[in-house]
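Spelled out from the first residue to the last, the chains are:
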Amino acid sequence: MSTKPVPHAKAGAEFLQEKAHLQFHDERLWDIRQKRDHQMHILPEWQELRQKASEIKEHTLANLPEYLEQFERNAKANGIHVHWARDGQEHNRIVGEILSEHKAKSLIKSKSMITDECEMREYLEPRGVTVTETDLGERIQQLDDQLPSHVVLPAVQKLTGDVAALFAKYYHTDPNDHDPHSLAEAQRQAARPVILGADAGMTGGNFLVAETGTFVVCTNEGNADLSANVSGLHIATLGIERLVPRMSDLGVFIRLLSRSALGSPITQYTTHFRKPKKGGEMHIILVDNGRSDRLAMEQFWSSLKCIRCGACMNTCPVYRRSGGQSYGAVYSGPIGAIIDPTFNKEKYSTLPFASTLNGSCSNVCPVKINIHEQLFEWRRVLAEENEIPFVKKEIMKMAGKLLSSPRMYRAAISSTNIALKTMPRFVLYNAFNQWGKHRELPHPVSETFNHWYRKNRLKQSGQTSQQTGAGGQS
Amino acid sequence: MKIGLFIPCYMDAFYPKTAIATLELLEKLGQTVEYPLDQTCCGQPMVNSGCNRDAKETEELFVKNFAEYDVIVAPSGSCVHNIRDNFDALEQTPAVKHVRENIYELVEFIYDVLKVREFPWAEFPHKVGIHNSCATLRSLRTASMSELGEPFFSKPKTLLSAVKGISFAQPQRPDECCGFGGTYSVTEEAISAKMGLDKVMDHSTAGAEYIVSADTSCMMHQQGCAERNHVPIKFIHIAEILNGARA
Amino acid sequence: MATHEPSARDVILGKLREKRVPRPTDYPLPGIVTLGDMDRSVKRFEDALQLLGGDIWAPQSGETLEDAVRRKFPDAGSICSATDEFKGTLKITDLKTLQEADKVDVMVVRSPFGIAEMGSIFLSEVELHDHLADVHLAQHLIVLLSRTALTANMHTAYQERQEFKTAGYGVLMSGPSATADIQGVLIRGAQGVRSLTVIWTD
Chain A
1 MSTKPVPHAK AGAEFLQEKA HLQFHDERLW DIRQKRDHQM HILPEWQELR QKASEIKEHT
61 LANLPEYLEQ FERNAKANGI HVHWARDGQE HNRIVGEILS EHKAKSLIKS KSMITDECEM
121 REYLEPRGVT VTETDLGERI QQLDDQLPSH VVLPAVQKLT GDVAALFAKY YHTDPNDHDP
181 HSLAEAQRQA ARPVILGADA GMTGGNFLVA ETGTFVVCTN EGNADLSANV SGLHIATLGI
241 ERLVPRMSDL GVFIRLLSRS ALGSPITQYT THFRKPKKGG EMHIILVDNG RSDRLAMEQF
301 WSSLKCIRCG ACMNTCPVYR RSGGQSYGAV YSGPIGAIID PTFNKEKYST LPFASTLNGS
361 CSNVCPVKIN IHEQLFEWRR VLAEENEIPF VKKEIMKMAG KLLSSPRMYR AAISSTNIAL
421 KTMPRFVLYN AFNQWGKHRE LPHPVSETFN HWYRKNRLKQ SGQTSQQTGA GGQS
Chain B
1001 MKIGLFIPCY MDAFYPKTAI ATLELLEKLG QTVEYPLDQT CCGQPMVNSG CNRDAKETEE
1061 LFVKNFAEYD VIVAPSGSCV HNIRDNFDAL EQTPAVKHVR ENIYELVEFI YDVLKVREFP
1121 WAEFPHKVGI HNSCATLRSL RTASMSELGE PFFSKPKTLL SAVKGISFAQ PQRPDECCGF
1181 GGTYSVTEEA ISAKMGLDKV MDHSTAGAEY IVSADTSCMM HQQGCAERNH VPIKFIHIAE
1241 ILNGARA
Chain C
2001 MATHEPSARD VILGKLREKR VPRPTDYPLP GIVTLGDMDR SVKRFEDALQ LLGGDIWAPQ
2061 SGETLEDAVR RKFPDAGSIC SATDEFKGTL KITDLKTLQE ADKVDVMVVR SPFGIAEMGS
2121 IFLSEVELHD HLADVHLAQH LIVLLSRTAL TANMHTAYQE RQEFKTAGYG VLMSGPSATA
2181 DIQGVLIRGA QGVRSLTVIW TD
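Protein chains in written order, with the working numbering: chain A, 1 to 474; chain B, 1001 to 1247; chain C, 2001 to 2202.
Treat the hints loosely; a few may be bogus.
Unchecked claim - Chain A is faced by these chain C residues, among others (derived, beta-carbon under 8 Å):
| hint | residue |
| --- | --- |
| 1 | 2017 |
| 2 | 2026 |
| 3 | 2033 |
| 4 | 2036 |
| 5 | 2052 |
| 6 | 2132 |
| 7 | 2133 |
| 8 | 2159 |
| 9 | 2170 |
| 10 | 2181 |
| 11 | 2184 |
| 12 | 2187 |
I should point out that these hints are in silico values taken from the structure, not numbers from a laboratory. These numbers were taken from a predicted model, which means no experiment stands behind them. Note that beta-carbon positions come from the ideal geometry of N, C-alpha and C, so glycine has one too.
Work the whole structure out from these sequences, hints included.
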């Protein structure tokens, strides 16, 4: 695995150059944020729902091993095979074994972030299994060999022209037909035979219910219901944090999920799987892959409350402008920036800095994760563990020295103002001046406030000139 | 009540007019104000970069400068947020706690502590767009946050509404961050500048002649973006309007 | 004595029990939540369903259910019924292969209940006679529903309806299959049914 830090700033700057994509991306996600706001406004109980959702998730995480055992017990009693995977590799091996036992060569699947997390397609395809994504957005990303850009809108960074070009290449459609209706129809027509001929189906899942051994899958396309049911073999992969204790708890989460994600009241399909279908076989893989470690992190465990709605991405002003691909990770946006470093601190060390710490993400989070505070905490952890660039660390050390010395500080301010006044523009706006690449510098002034105050106020007041001696000349 | 005035570093260096207006306004409101001369910065650049330990001495200097005052007032929401919520590189002595608990952002101080609502000397015959920094909005809570759907309130707008002749422009995305974010403005300069320009354009399109804010740092960034892109909009700190600036 | 490598299950559960950073005593389970509008009217259901792209269809006076469905889909070749109260061109239990199901134009089902808040209807293996995929392979779906079988919202649904605890497969459908994955344009009929129509039967 590459451990070079993800160049978020650079990749984001590249996305900014794609003017049409950028404008659509920002406006589309902002529109969804407004639709989410509308749903919040029509439900007076919205904040109470968020509070309850948070409390239920906190309780579940605090009692996770017990609820997992309860879930396993009930699922097994219902005839489901329950597997446990410590990491992605183990997960993939389990999937591979189940498929090979059934001599299954063609796997259709609905969207699941965790199989991307485990890099499952990369494992199965060389072993002779054809994996086909059935979610439209996820399929587009698969054809383009890209990670999902967004947890619920995998291809939101693309325009119709991009999709038309991809479909022309793979489905032999007319590259000049940019009508989303005909493109979506082309996908339906291309997917149907693959679905009908599939040997096995795979889904992710949004919730596990301990009380009944049920897992719940929410989609808009209905592709999970097809993937799960067309063949006799259904494999579902879920993270161990997806649990809720009781069936009735789903009421809280289903009411929040799609409203937060897309501003629609509910997903078109909300499917509860509790038993294998008649004559069929059902497997659940419960995946850890770093979650148990995260649960032991005092500052970061509550990120496991996440229900993957993507509301934090939609509201994030940085995400809307840098695009999901710029995060170089399975999970992008604010939630990605706080969970990706738990997978690889070095590789994702830049992501907690890909934020202005504005806090909008925490406010829209339906399970009240303090995302922006965790971004802030991660910066401390990464700096302490030397996972920030050496130059930046040195600059901060120097800044700390400068700002704790009034004398050095006054001298620096005065030389800055002199520089702004006297340096030619080409010297000021040089390659090292990150500020000045897309912005003007502030205007120089003839005297600092400190200087003005000494001149105009010190004499009148009883306050005495203190020890700096720098005199505030500027 | 003895007030210590904290003027953040960039304001001291580049926006002395705003600092003078803050001092004069507090005096007009009958307050005794002192500006400790050895002040520098609140340490936010180090704190927000994760380099908390490098902020320790700067925080100590801050406490040394301000511990003797009953109240500390700063015309900068982000600095007040940093001191109140994140000032923990140093041992939490009674002096440190005193400083953290008694620091106010200017609008908060006028609105909540002095409870002043009238500024008879103030007149600003212009259409303004209010920029609430993310620190004032989501940490200091001086205005309602759109994400929570809470009933509308805005302490800065309430104060500004008392100013003769003023009118307000309504941007499309009033709570959107302008992209300054302290060191973010240089670590991700391109995205930061795009956010700044979008913010400026939102106000400009809504008909604002001025962007007014309680945070000069955001405006320094926005002004840089506006000037580079020739957007004809002006910037003014709320202290200057409340102190009676006409333009 | 043979040593056994601990299973993944035991390793994961062991790790989860090791530190217990969120402590169980600090996070009690909240009581069962019942919030929001308790209106379970037909009007609320219909408004919600239409918002999600579903239709309401009513037989005209003197018209049978079969006539009403035929009027809605005059060009349909095959109309498949999963319920004894509706006589289609074939029965769901007649479908032997997925390929046969794929050719169905209209599927007619009876749903045991709907949720007024969402305009959702419930289907399980009971109503589908274990033909779980077939309902999603059909092009269009007609749902027969009783006005008295509505529950108010998601809270009441999960608390009152035992089907959630008894069904092996239970789907809440809220309008037809949909996607907006291509440049945000809403399209009905992504992978599943292209339309979903509710007919009140009382």
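Here is how each hint holds up against the structure:
{"no.": "1", "hint": "2017", "in the structure": "holds (5 Å)"}
{"no.": "2", "hint": "2026", "in the structure": "holds (7 Å)"}
{"no.": "3", "hint": "2033", "in the structure": "holds (5 Å)"}
{"no.": "4", "hint": "2036", "in the structure": "holds (5 Å)"}
{"no.": "5", "hint": "2052", "in the structure": "holds (7 Å)"}
{"no.": "6", "hint": "2132", "in the structure": "holds (4 Å)"}
{"no.": "7", "hint": "2133", "in the structure": "holds (4 Å)"}
{"no.": "8", "hint": "2159", "in the structure": "holds (5 Å)"}
{"no.": "9", "hint": "2170", "in the structure": "holds (4 Å)"}
{"no.": "10", "hint": "2181", "in the structure": "holds (4 Å)"}
{"no.": "11", "hint": "2184", "in the structure": "holds (5 Å)"}
{"no.": "12", "hint": "2187", "in the structure": "holds (5 Å)"}
Consistency note: the structure conflicts with none of the earlier hints.
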